[in-house]
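Chemist: Hints in hand, dock the two standalone chains.
Chains E and S, in that order, are what the protein sequence lines are. The end of the first sequence is residue 301 by our numbering, with every number in the run present. The end of the second sequence is residue 302 by our numbering, with every number in the run present.
What the hints contain is simulated information worked out from the structure, not anything from laboratory work.
Here's a subset of chain E near chain S, in silico, CB distances under 10 Å, partners left out:
#1 Ile93
#2 Ile215
#3 Asp217
#4 Arg221
#5 Val261
#6 His271
#7 Leu292
#8 Val293
A virtual CB, placed ideally from N, CA and C, is assigned to each residue, including glycine.
Chain by chain, the residues:
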Amino acid sequence: MNSASHPQPVATNLQTGARVALFGMIVNLIFAAAKILGGLFGNAYVLIADGIESTLDIAGSFIIWGGLKLAALPPDETHPYGHGKAEPIAAVIVAFGVLAAAAGLAIQSVREILTPHHGPAPFTLIILIVVIVIKEILFRYVNRIGRHAESTAVQTDAWHHRSDALTSAAAFIGISVALIGGEGWRSADDWAALFACAVIAANGIRLLRPALFEIMDTAPRGEIVDLVRKAAASVPGVVRIDKSFIRKMGLSFYVDLHVEVDGNISVREGHQIAHAVKRAIQENDPRIADVLVHIEPAKAV
Amino acid sequence: MKSASQLQASAANLQAGARLALVGLVVNIAFAIIKIVGGIFGHAYALTADGAQSALDVAGSIMIWGGLRFAARPPDATHPYGHGKAEPLTAIFVAFGVILAAVALAVQSARTMLSPHSAPAPFTLLILLMVVIVKETLFRYVLRFGRSVESLAIKADAWRHRADVLSSIAAFVGISLALIGGEKWRSADNWAAIFVCLIIASIGVRLFRPALYEILDTAPAGEIADRIRNAAASVPGVIGIDKCVVRKMGLDFYVDLHIEVDGWISVYEGYRIAHDVKHAIQETDPRIADVLVYIEPAKARL
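Excised from the complex, chain S in its bound form (with noise of 0.2 Å):
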């Protein structure tokens, strides 16, 4: 099974992204109450409803943290592979997240449309700038270190900022044009917010694929399976390799290998070639958590 220092180095990933996710909850939550009362005293509807959602968005960084610090829990008994697949279930709960955030939104707005309100109060517009600012910057330093660590969760978590930008530019440009254009403009906040709905939707969409793919156990893409068997070829006593199937659990891979070596050698010698094998793989990547070897007799010798 895999040795201590590279369980450490996943998990320490996968601990760094669930710190990340506490962040945004702090963030989210200072932002669900300056917006709530914003709009409330700034009669704007839009300032509301978006504090509303950052409000069911620390339920989303909640859930984001507990499924990180899961997926980061050694194997054990119940879970010999490890816990790695909580990384992928994590992102499809954020994608879930994102899309019924968007369908909230158009429901709220198309509500609010249909009943006249008050224009909304100019000091709207700073909270809103501040939100933009603050929230890019987060998504763009999430998202570098999800690329980073190769983690779908903490890059969907990255989304969710992104997803709050537009959401605030939208409500922006829509009280702009209602304090600008005045009476006819009224309803231009709802107007915005539908539109952002549609593009907050196809992030949600978006984010499914890759963890889907994951859950799927599709092999990975890419030339890690060349450099395994590369790894594995190098070795003496190898003669040729057969198969090789790898799979990804959150920041982890498993590999499953055919070698082929002498067939007259003993188990004992053929063990030794499987141990060495493992760790010239093992020493290729840190990320492989671990490699089953499968000895074949070479056929060639048959």
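Excised from the complex, chain E in its bound form (with noise of 0.2 Å):
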């Protein structure tokens, strides 16, 4: 186990990962208010569910951000393995969150649609219009920096930037129809609020997906399997690769891997080639957090 070498650029990741849900946390609170207080006194329903969606988002940024800076902390004591499950566990905590969101604002839609009321004020759709600018924007720069991080959590904070540009697209052409249509099309803005609750659900589902394979330990797929069985078969007397387990622990990787040498060599020596398949493989990627070589004799010999 190296503890001591607890990838540096993994914990760097985190942070910026942590300064970015902050950052999100407090553009959320501004539109928050600015949703709320505006959906009142221009009488528009979709107004005041999109801020309530928005002040649930912040605890959902508060979530991340704590899930983030636990899984950054180094292995102790009590967590030998890291603390990188914290990451995936925020979340499914956010994606929860969202899902019952969706539930609650679908719930309140329905009864707004039932019972009449006055149309929307139309200055509620300039506020609209600079949530769905200002949200697409902190997308994208999320998103950037999430698919670089490859950070589960992250990412999950971004598509929830772009769910709320989204839930406010649906509320900008629902207030525009109950204007434009006027008596008839009273109502226009709560199916449009029906419509930002669809989106939202699914984006629930979206995030809960990867992060619980993550917590299920499932192996990652794609080429980081192969890297791994390549840079230790490189290393000289390796005689063949049996097992190779991978997990991923939030930013980190854990490796187990069945080393094969000659059985006839002594124990030092496969000693020396476990620790050298070990430093090939964290050279190789440096998310790797620790490698446990068993060495085992080559069946062949």
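Modeler: Below is the structure:
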């Protein structure tokens, strides 16, 4: 185990992620206040609903931020494999919050459609345009960081901004229809709110899946397995690679490797090969936090 | 990897837990119908809301059933460490469900408190009494089983039954007050419901912690690490035990162990010692699904 060399780039990525989450929180706070006040005075239910969703986002950003902070802690006595799993857990909790918000808003929208009310005020449209533009910019920026750091939680956060932009766009269309259509189209903004709920729920499920896979210790897909095996096989003295298990812990990876060597060499030599294998693998990818090499005598020998 | 008999032990426990979830499902369906019908005819709003919640509980039972069965699956190509983590995940789902139920109940009660309604009929009390008895029995039985196999998800399932007991008691007290006190006490059942919401929400929050710890791969507390070390040290050829790291995957444990042996023996002999160590450890505790032994030359001999 090398707790001392817990990869540096991982910790920095996590810190950038945490900063981005904090920034998103402040933006959401301002928007939530603007939307709820605008919705109340402008008589647009969809805007109030949108504002409540932004408020929930603040809670979501707070959880992601906390999760990332926790995930960045180095391994310790009680958490020998590090705290990386805090990251997908944060993603799961936020995804749940998003799903619950979608359900709550859908129920409210249906209620609003069933009870007639006044049409919305035109100034609410301006609030929405501001929200859509800023949220779309935020989505692109945060998503780039999340992809770069391969963090489920940061990407979750990014899609949250995108879903905000989408719901606001739906609200914009709904209020416009209600304003242009007049009397008969009063509930258009409520229908828009209902549509927004479907988008929010779909996003919640989207976020949930990868986080669940990670918690389940699903073997990571893609080339990382091949890279690990190739790096190990290139070490002198390695006859064959048997099992290679990889699991993801937040932003780092842990590898369990079964390496076959000549059965007649000494344990000391075998140990040296094991160390060389570990070094070769970690040099290949700094995100690999630890490699446990199990030395076996090669079957052919 | 693990032998067939060990696989069956934890998988069988998980499947027994899944069966208990099915019992809960059937009971919830029956209660949902009785409560909703009784609530509508007996003018007891608390009972109708309770019934709606039982109906939602059916969905929860299905999820627990599915989660436990998934956790019981053996390791495969995409899940080399097995599917055990589905077990604490299921517990987290349940915790969420319990908290949501508390919130929904609070919202509904607050809403009806503001609108006047007619007094509840006495026979609704009988329904609630039956619910309390059946659900408390289920709670005790499921909790005992969950404790014996140390399953967070099964224990969480048990607490769902207890939450039902509490909300039914609140409805019982509320309806009784409304019946005895008359006009002035009409909204008593709603106040009782709101009080119970707080208790249920706190149960939900309490269910979270242990499940989160397990997903974080927290080193299990207690003597399991000591027992593993002792078992490994008793194997001939083992000079010292370095690191011994244990993690829990559902009902199974996975061990990473660093042992020190004479550096001049062959890899072949070292490998045999590693295998003996693995067997010795797995014999002490059938819940240990796999042991990965890392062989090191003893430092004193370098």
